[in-house]
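> Each chain, written out:
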Amino acid sequence: MELIINGESARYDGLRTVSDLVAALGLEPKKLAVELNRAIVPKSAYGATPLSNGDTLEIVHFVGGG
Amino acid sequence: MELIINGESARYDGLRTVSDLVAALGLEPKKLAVELNRAIVPKSAYGATPLSNGDTLEIVHFVGGG
Amino acid sequence: MELIINGESARYDGLRTVSDLVAALGLEPKKLAVELNRAIVPKSAYGATPLSNGDTLEIVHFVGGG
Amino acid sequence: MELIINGESARYDGLRTVSDLVAALGLEPKKLAVELNRAIVPKSAYGATPLSNGDTLEIVHFVGGG
Amino acid sequence: MSASLVIAGREFRSRLIIGTGKYKTYEENARAAEAAGAEMVTVAVRRVNLTDRDKPMLVDFLDPKKYVYLPNTAGCFTADDAIRTLRLAREAGGWSLVKLEVLADQKTLYPEMEETLKAAKLLIKDGFEVMVYCSDDPVYARKLEDAGCAAIMPLGSLIGSGLGILNPVNIRLIVEQSKVPVIVDAGVGTASDAAVAMELGCDGVLMNTAIAEAKDPILMASAMKHAVIAGREAYLAGRMAKKRYADPSSPLAGLI
Amino acid sequence: MSASLVIAGREFRSRLIIGTGKYKTYEENARAAEAAGAEMVTVAVRRVNLTDRDKPMLVDFLDPKKYVYLPNTAGCFTADDAIRTLRLAREAGGWSLVKLEVLADQKTLYPEMEETLKAAKLLIKDGFEVMVYCSDDPVYARKLEDAGCAAIMPLGSLIGSGLGILNPVNIRLIVEQSKVPVIVDAGVGTASDAAVAMELGCDGVLMNTAIAEAKDPILMASAMKHAVIAGREAYLAGRMAKKRYADPSSPLAGLI
Amino acid sequence: MSASLVIAGREFRSRLIIGTGKYKTYEENARAAEAAGAEMVTVAVRRVNLTDRDKPMLVDFLDPKKYVYLPNTAGCFTADDAIRTLRLAREAGGWSLVKLEVLADQKTLYPEMEETLKAAKLLIKDGFEVMVYCSDDPVYARKLEDAGCAAIMPLGSLIGSGLGILNPVNIRLIVEQSKVPVIVDAGVGTASDAAVAMELGCDGVLMNTAIAEAKDPILMASAMKHAVIAGREAYLAGRMAKKRYADPSSPLAGLI
Amino acid sequence: MSASLVIAGREFRSRLIIGTGKYKTYEENARAAEAAGAEMVTVAVRRVNLTDRDKPMLVDFLDPKKYVYLPNTAGCFTADDAIRTLRLAREAGGWSLVKLEVLADQKTLYPEMEETLKAAKLLIKDGFEVMVYCSDDPVYARKLEDAGCAAIMPLGSLIGSGLGILNPVNIRLIVEQSKVPVIVDAGVGTASDAAVAMELGCDGVLMNTAIAEAKDPILMASAMKHAVIAGREAYLAGRMAKKRYADPSSPLAGLI
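Residue numbers (our numbering), protein chains in the order written: chain A, 3 to 68; chain Y, 3 to 68; chain P, 3 to 68; chain L, 3 to 68; chain G, 3 to 258; chain F, 3 to 258; chain H, 3 to 258; chain B, 3 to 258.
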């Protein structure tokens, strides 16, 4: 399936939910925030939030800044 | 007839128009601006602008200011 | 005997030395400095320094100052 | 004759006085000041002031300065 | 010398605009305007005094044919009041070049920028040429220029405070970005303050209290005339670089 | 307007004295002096160049009949050098009004006050009228005046630094105590600096680099002329008081 | 000593908030935070780097349990971007105390006050506790406080400029009128700047570049800790009056 | 952290020296010294009061074993008076580290530099270790150091004026040239002034009025302790460069 994550488009297969994606990317959920098609996905809902072809996601975290 | 001019209410008799009023007050029209019931009265229209009982007028001019 | 101490002239009787004077004035020698006729008298020499009529003394100590 | 003028030593022949020197150098007397062996020579005395071998002279004028 | 100042198509040789408030008499005011070499003066719009008709009149001392009258909205705390005041001013004077100021409170007389921008847009739509008193916020200055204001007039410091140009960096930023004239309005206390404003590249200075409350207003008016010219010429001339140590002015060569 | 400046019995309408160093050409220098309205210029005393006789001469561009030449001792680091230099200057020029400066070191060109006072006393005894470059130490300024100096000339900041008037309090103290003219010498960088010096009550300003090293020296010279007048008039006019809050310039009465 | 700083019900002993940008490493950043005695640090919200997963993580150096993370919206030029960023921040961090900044342009990073106020209102409605970066316009500061902001954070000068507190009068006016904490954000360049901000009565100071770009950031962080305490205590202690002349500290009586 | 301050071989951890004049009571004075973390205090030498023997004594509140007493010559207007006073001080206290000040007049208390240098030379010949109050003239500062003074103590501004560091350039020049400690003496009015002095590279600050005349002297003493540390550390840390425009603290990369 085609996903646009943080502005980069790529194929991701065998993923059903945001949980699957976060796991596949090897990310630590509790330090993240995920936006799916402009709507924030609460951490509690990762497992229940399906992904479909063409979805656009933003996955962000905290970095140093002034 | 009762007129409220510059916040002061008073009786003015034998006046039909703004021209009459300006003349009665002994004012020099070309240095003034007149507002009748919140609408500006052009100098050219003083003669054609009737006054009626209870009208509110503002008559202003330029003074020193910063 | 007449002595001028710190600008004030007064009679002091039965005094032979600076030691006698310091004692008579009830002062604590180790916190003082004494000048006799414009010459400093070392603490060690108080006992050996005679006073004579008309001597001028300055007796100073430390006070608060900027 | 050997003269040291403005720090430079050179031979000058057929000169008897400061006047001769100033003329020989093609200088305009009234814009100058001349010092001979550390003593100022008044303009009026140029003609009467002989030069001798080894004399040291300073010849100065006004230049731009702050 | 520096070219003339152009505001809304009008050309001025003088870069000093003065107010007409706080003078002991209109006569002193007129002499100060003369000494300042001013070509434009700000004026207020107020009710005609119907009880005492013999009060001296501004126009009898400062001839509107000689001085461009710039009606202001001093005392207005809302866009509506300011617009109403300027419409009356236009009717009274017959011209559309005005000074807009919408103030936030009596204590600071600081500009209320939201209302000021709102009023500026409405006045410009209504055909006014708006010279606008504003804060030294360069972003708002840009909005006012984009809205079509004829001149941007940031405060140097609070009206009547005489504290000078408190934030030269913001004034400099406004000057760098503006295509219309930038005129420091309010805050100048003495001549060097006016020179500093002009050295930052401002196109002019507007002041009232600094002249009117000087011990000798006429002489201070002349001082300000010279200060504005001095600052303008220094800006155009391009100042020397600052140095950490000394640099001799006389040649080192040729010392005896 | 402000009365004229009197130094050692000589009267000057201009309160701006300029140097004649660092200009690209004597011709530019002359045009700057003209634009500055200067009546007095400082000059240095240097050896005649015997090898190249065709070098342009200062006197051919700045006529000593038009400008009072003020010989200085720039480059002198001892009282003896300064005195020797000024004796030559007197012989060359034929007048006794001079500017004394005895410097401490090449890096700061700061005045060497002990040597300066010593030289001043000897020169005055020898009949010179001494305008003296000095630090802003008010005590030494008093000593120099007591010694009979014709003018006290404290630095605003280091020669050629353009840092302006660093210590206005000391300059003010010197002005308050002095009976002879006080002229800020050195440190002025732009027009407002000169205005500030005059607003402190100084009788004049002496500058060189601020004009000579401006991008346009002629225009800066004019700026300085106006700045000195502006500052002088502002000082005489008496500035308004500073306020912590605002103070309206337009009447509160008669608002619609 | 001075009581603690309370922001949105949270209590802080330290009045110094530091940024976490521009450090050579997160490790240096952590040591600076330690030396500064900071209890709150600003952080940015950025995309996870999916290609390089081994990059050091902020949270591994500055423990969110030890330091209150204050997510900011640096880089946002519209209210919408800022709101979207802070909603993500709330989801990532799980808390609602945030620093709002909506900037006008890349060159000045000056706050866009209209958008800032708009964003503040929406965020507060959405349950955020908003510490707001703003201009030193006291009128807008009042609007932001009226809108319910938890802290008013005016700039001292442009972000990263190190020019200090350019307009102490406006900062003073904001302090005098505010009931919520006033924290100078941006502009501090060295320790005395921070002391000046606190002496004006500010409740705290937020800085990043002054520490991160010092030659020795750790030592500068300690300097800033002391400067903020010094300025706070001086404000509370009430400074001596300034005098035009001298006033001896030692008694005149009893001189020999 | 910054190493300790060494004066004439004595080592001090504190860089803040305080005076003991103008306090309401010696008891308040002692608490201020405690809060300031001072290790050295200046004291005056005055006649013992022979009529009223029950007056409180300085030594009973500030233990000379705990605080190094630095006898000063406040009130002396000639070298002779100062020398006579310090000889008495040495006899009274038994130590030779002293603070020399020879003043010019009661109104400004400005240092009389000629007399000061003369007295310094005589005192050093007589075995004293002289910390010398002086003007900010870098040339005289050099002479005093060459004469063997143990510390150079230029004024920031007039004694008791609280006007701060009026001429940072001269203080900087003195710091750059001195091998002995440079301690700003007089002029500090509030904490940021002390920080500024230290940021210029001074080795310490001496003050009296700024603490004694604060509304809360004890709290101000603590403020000054922190300010001196802050300024010292900032000087050692090396401040960021000033910039004309903004410079973001958060990364531009990774924005959503």
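These are calculated hints, taken from the structure and not from any lab test.
A portion of the hints provided could be inaccurate.
Unchecked claim - Cβ-Cβ distance ranges computed for the label pairs, FRET-style:
#1 P31(Y) with S6(F): 50 to 60 Å
#2 G150(F) with Q108(G): 55 to 65 Å
#3 D148(F) with S6(G): 28 to 38 Å
#4 G150(F) with D82(B): 18 to 28 Å
#5 A255(H) with K244(B): 46 to 56 Å
#6 P52(Y) with E178(G): 37 to 47 Å
#7 R40(P) with D56(B): 22 to 32 Å
#8 P44(P) with D82(B): 12 to 22 Å
Virtual Cβ for every residue (Gly too), placed ideally from N, Cα, C.
> Are the hints correct? Go through all of them and say.
Now for the hints, and whether the structure bears them out:
Taken as a hint, the range 50 to 60 Å holds for the pair P31(Y) and S6(F), whose Cβ atoms sit roughly 52 Å apart. Remark: the range hint 55 to 65 Å for G150(F) to Q108(G) is upheld by a beta-carbon distance near 58 Å. Distance hint for D148(F) and S6(G): a CB-CB separation of about 52 Å, inconsistent with the stated range 28 to 38 Å. Take G150(F) and D82(B): their Cβ atoms lie about 27 Å apart, and the range 18 to 28 Å holds.
At about 49 Å, the CB distance of A255(H) to K244(B) agrees with the hint of 46 to 56 Å. The supplied range of 37 to 47 Å is broken by P52(Y) and E178(G), whose beta-carbon atoms lie about 56 Å from each other. Look at R40(P) against D56(B): about 30 Å separates their beta carbons, and that is inside 22 to 32 Å. For the pair P44(P) and D82(B), the supplied restraint of 12 to 22 Å holds, since their beta-carbon distance comes to about 21 Å.
The structure fails hints 3 and 6 (numbered hints given earlier, in ascending order).
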